[in-house]
Amino acid sequence: NAGVTQTPKFQVLKTGQSMTLQCAQDMNHEYMSWYRQDPGMGLRLIHYSVGAGITDQGEVPNGYNVSRSTTEDFPLRLLSAAPSQTSVYFCASSYSKRDQPQHFGDGTRLSIL
Amino acid sequence: SQQGEEDPQALSIQEGENATMNCSYKTSINNLQWYRQNSGRGLVHLILIRSNEREKHSGRLRVTLDTSKKSSSLLITASRAADTASYFCATDERGGNQFYFGTGTSLTVIP
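Going line by line, the protein sequences match chains A and B. Residues -9 to 103 (the numbering used here) make up the first sequence, in order. Residues 247 to 357 (the numbering used here) make up the second sequence, in order.
Derived from the structure by calculation, the hints contain no laboratory data. Do not rely on the hints blindly, as some may be mistaken.
[As the list claims (entries may be wrong)] Calculated Cβ distances over 12 Å to all of chain A for the following chain B residues: (1) GLU263; (2) THR266; (3) ARG308; (4) THR310; (5) ASP312; (6) SER314; (7) SER317; (8) SER319; (9) THR323; (10) ALA327; (11) ALA328; (12) THR354; (13) VAL355.
[Said to hold, decoys possible] Derived pair list, reagent style DSSO-like, types lysine-lysine, alpha-carbon separation capped at 27 Å: (14) B:LYS272 to B:LYS315; (15) A:LYS87 to B:LYS272; (16) B:LYS302 to B:LYS272; (17) B:LYS316 to B:LYS302; (18) B:LYS316 to A:LYS87; (19) A:LYS87 to B:LYS315; (20) B:LYS272 to B:LYS316; (21) B:LYS302 to B:LYS315; (22) A:LYS87 to B:LYS302.
[What the hints assert, rightly or not] Sample of chain B residues lacking proximity to chain A, with all beta carbon distances greater than 12 Å (derived): (23) GLN260; (24) GLU261; (25) GLY262; (26) ASN268; (27) ILE293; (28) LEU294; (29) ARG300; (30) LYS316; (31) ALA324; (32) ASP329; (33) THR330; (34) ASN343; (35) GLY350; (36) PRO357.
Quick caveat: nothing in here was measured; it's all calculated off a predicted structure. Note that the Cβ used here is the ideal one computed from N, Cα and C, for glycine as well.
Whenever a hint applies, use it, and build me the whole structure from the sequences.
Pasting the structure below:
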């Protein structure tokens, strides 16, 4: 059981470039989400999904796009990278949103130059 | 922002002492969860307490919840050096689909 797998672990981009952060889980979880973690800010929700084909915005969605074509995968796309998007990104999943612990990946550390 | 706040921001104690950290939140909740994050790693779930519960125990962890004050506390008893980590609370918003994390408490346990 791999749990939640995020790739890549590290990435450096130039301003204006686009990229996709990958997230996959093998636990058949319905609820998946993306967070960014910045110093002193805790974790902030970017986008989430309550099941395949259903996505919604979180607290800080601007500049990011998501899709959920399968239960297992929930990629996060940066459309045009900006230095303000330098952060550590975490993907999480749970059986459902209600009364369930979230399982986190180990994160992607992203630097935008 | 709907984020909660944790207090203190940083805590340093001697091994064997108890550590208490507090979380305040803003919305009505279904449950509140506590997570631990070791340096450079993802978050690991510790304990979940539902809105109709007031206290919950798990090993050396004790969590309390006061929904009237919108606050929770996490007590770690007989701390160990391996407890050194950041601790976050997260609230499951009632009527919504979002989780809100606190800003975290950085705990250092000195051997």
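Outcome of the hint check:
1. For B:GLU263, the condition that its CB be more than 12 Å from all CB atoms of chain A holds, with the nearest at approximately 25 Å.
2. The claim that B:THR266 lies off the interface holds: its Cβ sits roughly 19 Å from the closest Cβ of chain A, which is beyond the 12 Å cut-off.
3. Against chain A, the non-interface label of B:ARG308 holds: every CB pair exceeds 12 Å, the least being about 18 Å.
4. Non-interface call for B:THR310 relative to chain A: holds, since the shortest CB-CB distance, roughly 18 Å, exceeds 12 Å.
5. Every beta carbon of chain A lies more than 12 Å from that of B:ASP312, the smallest distance being close to 19 Å; the non-interface claim holds.
6. The claim that B:SER314 lies off the interface holds: its Cβ sits roughly 21 Å from the closest Cβ of chain A, which is beyond the 12 Å cut-off.
7. Non-interface call for B:SER317 relative to chain A: holds, since the shortest CB-CB distance, roughly 16 Å, exceeds 12 Å.
8. With a minimum CB-CB distance of about 17 Å to chain A, B:SER319 clears the 12 Å threshold, and the non-interface call stands.
9. Consistency note on B:THR323: stated as away from chain A, and its beta-carbon is indeed over 12 Å from all of that chain's, at 22 Å minimum.
10. Every CB of chain A is more than 12 Å from the CB of B:ALA327 (nearest about 22 Å), matching its label as outside the interface.
11. For B:ALA328, the shortest C-beta to C-beta distance to chain A comes to about 18 Å, beyond the 12 Å cut-off, and the non-interface label holds.
12. At roughly 17 Å, the least C-beta separation between B:THR354 and chain A is larger than 12 Å, which holds for a residue marked as non-interface.
13. The Cβ of B:VAL355 lies farther than 12 Å from every Cβ of chain A, with a closest approach of about 21 Å, so its non-interface assignment holds.
14. Restraint check for B:LYS272 and B:LYS315: satisfied, since their Cα atoms lie roughly 10 Å apart, inside the 27 Å limit.
15. The hinted pair formed by A:LYS87 and B:LYS272 meets the criterion: a straight-line CA distance of about 19 Å does not exceed 27 Å.
16. As the CA atoms of B:LYS302 and B:LYS272 are separated by approximately 21 Å, the hinted pair is consistent with the 27 Å bound.
17. Using a Cα cut-off of 27 Å, the hinted pair B:LYS316 and B:LYS302 holds, with the two alpha carbons roughly 16 Å apart.
18. Between B:LYS316 and A:LYS87 the CA atoms are separated by roughly 20 Å; this keeps the pair inside 27 Å, and the hint holds.
19. For the suggested pair A:LYS87 and B:LYS315, the alpha carbons sit about 24 Å apart, so the restraint of at most 27 Å is met.
20. Restraint check: the Cα-Cα separation between B:LYS272 and B:LYS316 comes to about 7 Å, which is no more than 27 Å; the hinted pair holds.
21. Only pairs whose Cα atoms come within 27 Å are accepted, and B:LYS302 paired with B:LYS315 is accepted, the gap being roughly 17 Å.
22. As the CA atoms of A:LYS87 and B:LYS302 are separated by approximately 21 Å, the hinted pair is consistent with the 27 Å bound.
23. For B:GLN260, the non-interface assignment is confirmed: its Cβ lies about 26 Å from the closest Cβ of chain A, beyond the 12 Å cut-off.
24. Remark: the non-interface label on B:GLU261 is consistent with the geometry, its nearest Cβ contact in chain A lying 27 Å away (cut-off 12 Å).
25. Interface exclusion of B:GLY262 from chain A stands, the closest Cβ pair being 28 Å apart, more than 12 Å.
26. Consistency note on B:ASN268: stated as away from chain A, and its beta-carbon is indeed over 12 Å from all of that chain's, at 14 Å minimum.
27. Its closest Cβ contact with chain A, about 9 Å, brings B:ILE293 to no more than 12 Å, contrary to its assignment away from the interface.
28. A Cβ of chain A approaches the Cβ of B:LEU294 within 12 Å, the least distance being about 6 Å, so the stated non-interface status is violated.
29. Once the 12 Å rule is applied to beta carbons, B:ARG300 is consistent with being away from chain A; the minimum gap is 17 Å.
30. In this structure B:LYS316 is separated from chain A by more than 12 Å, as the shortest Cβ-Cβ distance comes to about 17 Å.
31. Here B:ALA324 stays apart from chain A, with its beta-carbon at least about 24 Å from theirs, past the 12 Å limit.
32. Interface exclusion of B:ASP329 from chain A stands, the closest Cβ pair being 19 Å apart, more than 12 Å.
33. The beta carbon of B:THR330 is kept farther than 12 Å from every beta carbon of chain A, the shortest such distance being approximately 18 Å.
34. The claim that B:ASN343 lies off the interface is violated: its Cβ sits roughly 6 Å from the closest Cβ of chain A, which falls inside the 12 Å cut-off.
35. Non-interface call for B:GLY350 relative to chain A: violated, since the shortest CB-CB distance, roughly 5 Å, does not exceed 12 Å.
36. Every beta carbon of chain A lies more than 12 Å from that of B:PRO357, the smallest distance being close to 26 Å; the non-interface claim holds.
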